[in-house]
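Chain A is fixed; fit chain B onto it per the hints.
Residue numbers (my numbering), protein chains in the order written: chain A, 1058 to 1489; chain B, 9 to 354.
Bear in mind the hints are in silico, worked out from the structure with no lab data behind them.
Beta carbons: idealized from backbone N, C-alpha and C, even for Gly.
Careful, some of the hints might be misleading.
[To be verified] Some chain A residues near chain B, calculated using beta-carbon distances under 8 Å:
#, residue
1, F1291
2, V1295
3, G1299
4, A1369
5, T1429
6, S1460
7, N1463
8, V1464
9, L1470
10, I1471
11, M1475
Read off the chains here:
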Amino acid sequence: MLVVCLVVLGTSGVGALAFESSASASVRQAEEQEEAAEKIAGTFRNRDDGNNPVAGVDVVVTTEAGKNVGTATSDDEGRYELELPGPGRYTAELQTSSLPKGVELTDKSRTKLTFSVNPGQRRALIFPFGKSTLTSVSKLDKLPGTLFDGARLGLIIAMTAIGLSLIYGTTQFTNFAHGEAVTFGALATWYLNQEAGLPVVGAALISVALAAAAGYLLDTTLWAPLRRKRTGPFSLMVVSFGLSIALIGGFQFFFGSRTRPYSEYVIQEPLFTIGNQVIPPRAVITMVLSLVVLGGVGLFLQRARFGKAMRAVADNGPLASASGINTERVVKLVWVGGTALAGLGGILYSLDQGVNVQQGQSILLLMFAGITLGGLGTSFGAAAGCFVLGVAIQVSTLWIPTSLKNVGALVVLIVILMIRPQGVFGRKERVG
Amino acid sequence: MDWSQIAVDTFSASLGALAIVYVLAAQGLNIHYGYTGLFNFGQAGFMAIGAYGVAIVSAPESVGGLGLSLWLGIAASVVAAVLLALLMGIPTLRLRGDYLAIVTIAVSEIIRLVLRSEWSEQHLSTGGNSGINGFAGPFYDNNLLARIGGIPATRFNATRYEVGPFQYSGRELWVMVVGWFVVAVFAVLTMLLMRSPWGRVLRSIRENEDAARSLGKNVQGYKMQALVLGGVMGAFGGIVLAIFQNLALPDDFVTRTTFLAYAALILGGAARVGGPIVGGVIWYTLFSFMNNVVAQMKSADLFPESVKANAGQLPFVFLGVALMLLVVFRPQGIFGDRKEVELDAR
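In isolation and in its complexed conformation, chain A is listed as follows (with noise of 0.2 Å):
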């Protein structure tokens, strides 16, 4: 039996709601493959004491009939437990009194909480203790935290899009299931992980190693003999969504609609603290990871001959090959490593967000809006509007509400195309 368990990892549920990416990590669902009874449990920490374990709180739940079931204290540890007679509504009331010295609800006034138990959840109790950060933390509080966000968020999808720009550059096919190859990445990983039980990284690196086979088998069965039978751009983008729709299809039939996470890395303590926001160890190591990935291809594009036949082709296709590059093994090589780098991005971005079949769909819109910005056909120009463009999300959400943050990209993307169409780094001629 599937049992679903909300694992609230102290800090807060406040933040969670202004950030996505590493606040909301504290907030998140796990899965476990054993039979439970109903229960309470979760830590209570204290915000404003470092997020220290608060102990001997004392909630008692109630039936919705009124009927008392029992008191839970923390320990400690700030733990919690408490079984509950079966699933339904329940009410929980915190009493005041057990509250250690200096440490008050953000909400003095909410010292209860209904909530309904599904049969065989684990819930945990969403107490915040210590100042409400809503009303104490300013936009410059915010903002270190947020740049950080937006620095990784916008290294992925740099991370991401390099393969979509390079295709786009070397056969001008504008391939609408790329995002496909990110989710397909995090759901290999997914499932490696989870079903087969390896290590999340040993699962990463098969799985980067899969997404690298399907780019190539994709090119030689698919986009190659499309390329030699000359078919028009039209075509091709409506071929790769006609693949993006049976892959996405694909995935949710066997995978569901479900966002479900890694088993490891999920739950971690902070590493250390920007501006109001805690970041775990797995930020910082996705933010180097990305960074040395693409400092990686960067000097293989620079330096490597393979690399620079690449921007050749990208560059003039017909003059690279009257120069004796072959094209057709270039192009192949895109396919491999950009299928291969947009797979590990999928990774990364799952590490926080969990996996979900659409991700790689918005994730698409964001790539799109990210070259745009960058330049059409460029590699690093592209890059680089990615990476702005994540900032730039991030920091929106200081001013927008989160759920129209990905729409600030999109508007960039048109605002971009109305004033500087062949973007920040691209020239004019590829627009024309």
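Just chain B, lined up with the frame of chain A:
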């Protein structure tokens, strides 16, 4: 597996209200892509604008609408679709075709994301991701079929009528009469326009934009007019959908909807007046056949428990692959001319 039920459901769906929605969307894309060579990948955005225009203007004030008549709602939808076409066209029509593709897909997603966001639920009363419902009452109260038959509208709307394998409620019949009438009007309009000098200019832009420009034609202007016209047709698809469901729902307008409309157009044959109509009917018949088979297999417990909940995705897998095969092997569809539909980059 109840095959007779599958047959009845599929036959009924082939001419039903939802098939009309795809036909109208495909008719609009025919103007864009078929005749003018514009890559509009955001038809779902026009449909959403159509659906929400009617919904917001005509819904009673109690649910946050403006409480005005349906006619005004439809007029608002058309005006909004024209404005949307201008918004999409101004930045992109002077650029190469794939920019229009990216911008239109982005705009249609912007529209959907905004409509389903909590922000617009609070500020624009769009109902968030559960949409707006309960605005199409007057349409069904004035069911002309009921008046002709001398039956009270409420009873007529709720009754099921059968002709051979076709079964419809009186309610859907009324939507179908109006919907197919709109389809016919657009088909005649398209036919007349494409025989006119205006239509010839559109096709010359599709074939060779520079040649059209060198003859002194205002290419941008013509493209914009085509974008507006096809967008309005798409908006009518949204209007029919919203009125039939008595509901405007943001996630009906995902980008997948655009591509199902394209599939309908390509199947029938682009740049042919009858293409989107025949293509839409056949495509939607196929789609609902697969949906019905999956539904019957589900109720017969033919799927393993782990995938049962998402078995509804299977038709999309087949349709996606079918769209790919269609474009690769028969891009002209049933009626089209291969030379006309294979466009170069612009």
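Which hint numbers doesn't this structure obey?
Per hint list: single violation, 4.
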